[in-house]
Amino acid sequence: MILKFNYVIMIILMMLGLWAMIAKKNIIKKLIGMAIFQTGIILFYISMGAKSGSNIPILDYYDRYKPIDAAQYANPLTQILMLTAIVVGVATLGLGLTLARKIYDDYKTFNEDEILQEIKNEHD
Amino acid sequence: MLLGIETLLLILVLILAVVSLWIRDLMSSVVVFGAYSFLMCLIWTGMGAVDVAFTEAAVGAGVSTVFFVAVLFNTTRRIQFNPLDLSAKIFSAILCIGTGYLLMLGLSDLPSWGDPQALVNTNVSKYYIESAYKQTKVPNLVTAVLADYRAFDTMFETCVVFIAVLGIFMLLKKDGREPLKETSAKANDNLIIRVASRFMVPFIQLFGLYVVAHGHYSPGGGFQGGVILGASLILVAMAFNIEFVKQLLSIKRMLLLAVIGVIIFAGWGLVPVFLGQSFLDYSAWAALLPGTGEIMARSHSMLAVEIGVAITVMCGMYGIYMSLVSDGRFDKGL
Chain Y
1 MILKFNYVIM
11 IILMMLGLWA
21 MIAKKNIIKK
31 LIGMAIFQTG
41 IILFYISMGA
51 KSGSNIPILD
61 YYDRYKPIDA
71 AQYANPLTQI
81 LMLTAIVVGV
91 ATLGLGLTLA
101 RKIYDDYKTF
111 NEDEILQEIK
121 NEHD
Chain S
1001 MLLGIETLLL
1011 ILVLILAVVS
1021 LWIRDLMSSV
1031 VVFGAYSFLM
1041 CLIWTGMGAV
1051 DVAFTEAAVG
1061 AGVSTVFFVA
1071 VLFNTTRRIQ
1081 FNPLDLSAKI
1091 FSAILCIGTG
1101 YLLMLGLSDL
1111 PSWGDPQALV
1121 NTNVSKYYIE
1131 SAYKQTKVPN
1141 LVTAVLADYR
1151 AFDTMFETCV
1161 VFIAVLGIFM
1171 LLKKDGREPL
1181 KETSAKANDN
1191 LIIRVASRFM
1201 VPFIQLFGLY
1211 VVAHGHYSPG
1221 GGFQGGVILG
1231 ASLILVAMAF
1241 NIEFVKQLLS
1251 IKRMLLLAVI
1261 GVIIFAGWGL
1271 VPVFLGQSFL
1281 DYSAWAALLP
1291 GTGEIMARSH
1301 SMLAVEIGVA
1311 ITVMCGMYGI
1321 YMSLVSDGRF
1331 DKGL
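Which chain is which? The protein sequence lines are Y and S, in order.
Just so we're aligned, residue 1 is where the first sequence starts under this note's numbering, counting upward by one.
Just so we're aligned, residue 1001 is where the second sequence starts under this note's numbering, counting upward by one.
Bound conformation, chain S alone:
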């Protein structure tokens, strides 16, 4: 599958990666890295991975660039000029080229690009493709595998997001030792940004809810929808100020919601244990949900756990942004 457009995109991506590491200004470097992520998302669309492309567009190109900017805005974008320390650079270059050479030797064992009969594409993946719709009535196979067949994986990934937020809170928390700086609590005085974001935010949130709820039939699901919902809150925090967005969703309530999201997922999986089935075996929910057979119970359960994932991811993105931009004080933003 040597498609011209994808080969071209791969070369472009490589150039952008080099440029992003080369530029001697951190802000430009971060922006080039955002462009790199966006090209990556085009490549994944070309390879048929639409859900991954959606996630990358929301997370890699969107939110992670915002995180970088939030840190650089309050610190420095300058890179100090170093006297040329070539020995360390050449040593690490030799190390990396050596590792790369060893990896290249393994190339002959890998399946060729786009081979449907390759080992990855046959055994369990073939089973998922052939039987996922029969067993769950979910046409989007990625959602079916994500929320049902491999729900254990997804549950602990959600926990990792929650733990990362907790870690960031612990690291940046200021327990009143340092005096509060002069707060710039007045609203952002850029009228165009305020009015435009006031119009945009409801539509962004509606789209986020659609992505969460329609993940069964189209690309999307809890992770993507949660990131979009979190991004809408970040937009409010940027266009107005942190005091305003804290009235909408306070920090305590945000942490509580993140816990609730994990509990929804784990609790929904725990109920089948009390009904005599194994953990996360959704078909047991048929006894509790009225009017559903075992198949539809699995389909509805997926929506429930996706909602849990979306709540945790939304609060996670919001919390990480708020901590980074205000250095743990939650008093002023960009």
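For reference, chain Y alone in the conformation it holds in the complex:
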């Protein structure tokens, strides 16, 4: 358990994000919860690719022509998956913020309950 502390934190962060997405009434808070969920997943990947006592995955000038020991460099594969995920994450966050902005333009509130009430009033 103590050796897998990073995964424990990852699970707690993900559940915190999930809870915020379900339970929070404010749309912006829901978006923050989504971003926290995303960082939890990124933490999972990056900490799986970490190796104790390893270097960053950039070859040193003197090591380039020697045979390379893979255990000396952190895993580049998990890193590139998450690198692109972060940039795509901010693009989708922008899309989410746009939807929040549209909702605010129509209902003048970010609160979920009030939006539902307004929709109900429109139907009646």
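Take the hints with a grain of salt, since some may be wrong.
[Stated by the list, open to error] The list that follows gives simulated cross-link-like pairs (lysine-lysine, DSSO-like), each with its CA atoms no further than 30 Å apart: (1) K1134(S) to K66(Y); (2) K108(Y) to K1126(S); (3) K30(Y) to K1173(S); (4) K102(Y) to K1126(S); (5) K1174(S) to K102(Y); (6) K1126(S) to K1246(S); (7) K30(Y) to K1174(S); (8) K4(Y) to K1126(S); (9) K1246(S) to K25(Y); (10) K102(Y) to K1332(S).
[To be verified] The following residues of chain S were derived to be distant from chain Y, with all beta-carbon distances above 10 Å: (11) F1067; (12) L1191; (13) A1196; (14) L1206.
Read the hints as simulated data drawn from the structure, not as lab findings.
Positions of the beta carbon are idealized from the N, C-alpha and C atoms, including for glycine.
Fit chain S to the given chain Y structure using the hints.
Showing chain S alone in chain Y's frame:
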């Protein structure tokens, strides 16, 4: 690998996440979330993921905080007080704790933290580390894997950024139905901000170009450099006004550039198809680029596709900010 500093940082990150969800003021919540992203970037540096840390510092702590502020500035930062609706909160808490418990049960199957012999760190990743420099002459293994071995992935991620910008444009576009509000087109009257940003912007842009071009040898590349270039334009838009930055890069030209970035990437990958190789197999470029062997052709091709990525990401960040801050009207900013 139970390093003291990283354990401490992980606990701090957890506290900041809770605080960011707890605070009853949206602007403070967003700022705390920016601090959370920055601590995350420290953790990733500690785990040897410098490229990811660079991206997180530019994107998570920088640009996404600006996006949140751009929305909150024109709407409201207040959270309405709700009568305590405990039943829904407790129900979702039980749901999340249950899911968390199930995930915890799976912990025993995961490799321990920092194990070099774990399954993730052996098969294909070992091949990349051992042969990337021999095959491409790029010391930064992350760039080599990003732009060459897994270029398909990167190409479609670039497309996703472009599609997200298009979606934001479509959603917020005002096609003249609503009357234009009174525009506050006069320049920002804060002299210190204007003068300071006038000095800073050229250096930020130079650094952005360096990050794009030097991604082969140091942390960086198209995504990070593109975000930095986009942030420099956002800084101009904040310090002066939107009319001024629109003269530098108009909205139409921005969309066109975003398309061009994707086309550079896909087109560069398409050329090898006409030379009898498979899609995105850069070694075929050796026949077209003078004075290069197959290895150097791959290295140069990486620079080309990184430039395409940088152009699309720059225009993407700029376009998202401009749409969000002016609500699709492009007439006034912060």
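*Any of the earlier hints contradicted here, and which numbers?*
Checked against the structure, the hints that fail are numbers 2, 4, 6, 9 and 11, while the rest are satisfied.
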